[in-house]
Amino acid sequence: MKKYWVLFKSYLSASLEYRGALFTWLLVELVSLSSATFLWLAVFRTNQTVGDYDFGRIVSYYLLVPVIGGFTSIFVSEHLPRKIKDGAISIDLLKPYSISAINLLNQFGIKLTQLTIKLPAYLFAGIFFTHFFNIHLQLIYLPLALFICIFSYLLHFYLDLALSYLAFWVDDTWSFGLIKTVALMVFGGLSFPLDLVPQNFRLLFDLLPFKYIYFYPVKVAQGGMPANQLVSQLVVLLTWLVFFFILGKLLWFKGIRKYGAYGN
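The opening residue of the sequence shown carries number 1 in this note's numbering; numbering runs sequentially from there.
There may be inaccurate statements among the hints.
[Said to hold, decoys possible] Derived lysine-lysine pairs resembling DSS-like cross-links, with alpha carbons at most 25 angstroms apart:
id: 1; residue 1: K249; residue 2: K111
id: 2; residue 1: K83; residue 2: K95
id: 3; residue 1: K95; residue 2: K111
id: 4; residue 1: K258; residue 2: K111
id: 5; residue 1: K249; residue 2: K85
id: 6; residue 1: K85; residue 2: K95
id: 7; residue 1: K254; residue 2: K111
id: 8; residue 1: K111; residue 2: K83
id: 9; residue 1: K83; residue 2: K258
id: 10; residue 1: K258; residue 2: K85
id: 11; residue 1: K83; residue 2: K254
id: 12; residue 1: K254; residue 2: K95
id: 13; residue 1: K95; residue 2: K249
id: 14; residue 1: K95; residue 2: K258
[Said to hold, decoys possible] Per label pair, the in silico range of CB-to-CB distance:
id: 15; residue 1: L250; residue 2: D86; range: 42 to 50 angstroms
id: 16; residue 1: F133; residue 2: Y97; range: 42 to 50 angstroms
id: 17; residue 1: V235; residue 2: T46; range: 39 to 47 angstroms
id: 18; residue 1: L204; residue 2: A101; range: 28 to 36 angstroms
id: 19; residue 1: I150; residue 2: I91; range: 27 to 35 angstroms
id: 20; residue 1: M185; residue 2: V231; range: 24 to 32 angstroms
id: 21; residue 1: L230; residue 2: D54; range: 17 to 25 angstroms
id: 22; residue 1: I91; residue 2: Q138; range: 20 to 28 angstroms
id: 23; residue 1: K249; residue 2: G56; range: 42 to 50 angstroms
Hints were generated in silico from the structure; no laboratory data involved. For each residue, glycine too, the CB sits at the ideal point set by N, CA and C.
Let's have the full structure, built from the sequences with the hints guiding it.
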């Protein structure tokens, strides 16, 4: 356990060097939140509700998305595929840790730094929006949502890890992170609440794992999900988590057999 603690501290120290980039992304998120708020403000001038959302509920959704994302976001596919292709992963193979442990601890370090910067800003944003737009955030559901975030985070991690392992066979690795980001924006609830999707298309969104990374924990935080649906969705989330865990193991063992020190 001590060796993992030492490794985690080294990654945490490294993540602190990127504080400037984290502040930049925070600014981008706050601008996006403001833009979405004014867009929906224009929509609700002529509509009392859109789907099951009134103005306060839709703004609280967009406020909660980056907060939940602070706990569930993962960036493994932005660097691991490149390490596999150029042979840099050979250094990690010499360490007394598994590749998954190395990347998980790395993400923990990034996550802790990210949350330290983001949470105070979003606490202030929550107070601001509650005061000026009469939005009522039901904080009683937040502990349950954070519990769900643990599994959403692990699902995202093992999905991203399995995606990264495709670099053993695929040359065009730069697009991995981009493809995942687009999938999360469309199918994960980053761009819009998925329960606004027309019923004819909703089955496609429900069949994919992406909604369990953002949309599902956000809905739990809003208190907009019956207990039986919450439990059934958690079971599906855990099923996807086990699936990507096993898939990642299989891809790793098959990929490492054909791996050479200079990449594929």
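We went through each hint and held it up to the structure:
1. For the hint linking K249 to K111, the alpha-carbon distance of about 24 angstroms falls within 25 angstroms, and the restraint holds.
2. This hinted pair checks out: K83 and K95 have alpha carbons roughly 15 angstroms apart, not beyond 25 angstroms.
3. Restraint check: the Cα-Cα separation between K95 and K111 comes to about 23 angstroms, which is no more than 25 angstroms; the hinted pair holds.
4. Annotation: proposed proximity of K258 to K111 is violated, straight-line Cα distance about 32 angstroms (limit 25 angstroms).
5. Of the supplied pair hints, the one linking K249 and K85 holds, its CA atoms being roughly 19 angstroms apart against a limit of 25 angstroms.
6. The hinted pair formed by K85 and K95 meets the criterion: a straight-line CA distance of about 19 angstroms does not exceed 25 angstroms.
7. For a cut-off of 25 angstroms, the pair hint linking K254 to K111 is broken: about 30 angstroms separates their Cα positions.
8. Our distance criterion of 25 angstroms between C-alpha atoms is met by K111 and K83, whose separation comes to about 21 angstroms.
9. Restraint check for K83 and K258: the C-alpha separation of about 15 angstroms stays at or below 25 angstroms, so the hint holds.
10. Restraint check for K258 and K85: the C-alpha separation of about 12 angstroms stays at or below 25 angstroms, so the hint holds.
11. Using a Cα cut-off of 25 angstroms, the hinted pair K83 and K254 holds, with the two alpha carbons roughly 17 angstroms apart.
12. A distance of roughly 20 angstroms separates the Cα atoms of K254 and K95; the hinted pair therefore holds under the 25 angstroms criterion.
13. Of the pairs offered as hints, the one joining K95 and K249 holds, with about 18 angstroms between alpha carbons and a cut-off of 25 angstroms not exceeded.
14. Annotation: proposed proximity of K95 to K258 holds, straight-line Cα distance about 20 angstroms (limit 25 angstroms).
15. With their beta carbons about 24 angstroms apart, L250 and D86 fall outside the hinted range of 42 to 50 angstroms.
16. Distance hint check for F133 and Y97: the Cβ-Cβ separation is about 47 angstroms, which falls inside the suggested range of 42 to 50 angstroms.
17. Between V235 and T46 the beta carbon distance is about 40 angstroms. The supplied range of 39 to 47 angstroms therefore holds.
18. For L204 paired with A101, a C-beta distance near 35 angstroms keeps the hint of 28 to 36 angstroms intact.
19. Between I150 and I91 the Cβ separation comes to about 30 angstroms, which falls inside the hinted range of 27 to 35 angstroms.
20. A hinted range of 24 to 32 angstroms holds for the C-beta pair M185 and V231, which are about 27 angstroms apart.
21. Checking the proposed 17 to 25 angstroms range against L230 and D54 shows it holds: the Cβ atoms sit about 22 angstroms from each other.
22. Checked against the hint of 20 to 28 angstroms, the C-beta distance between I91 and Q138 comes to roughly 47 angstroms, which is inconsistent with it.
23. Remark: the range hint 42 to 50 angstroms for K249 to G56 is upheld by a beta-carbon distance near 44 angstroms.
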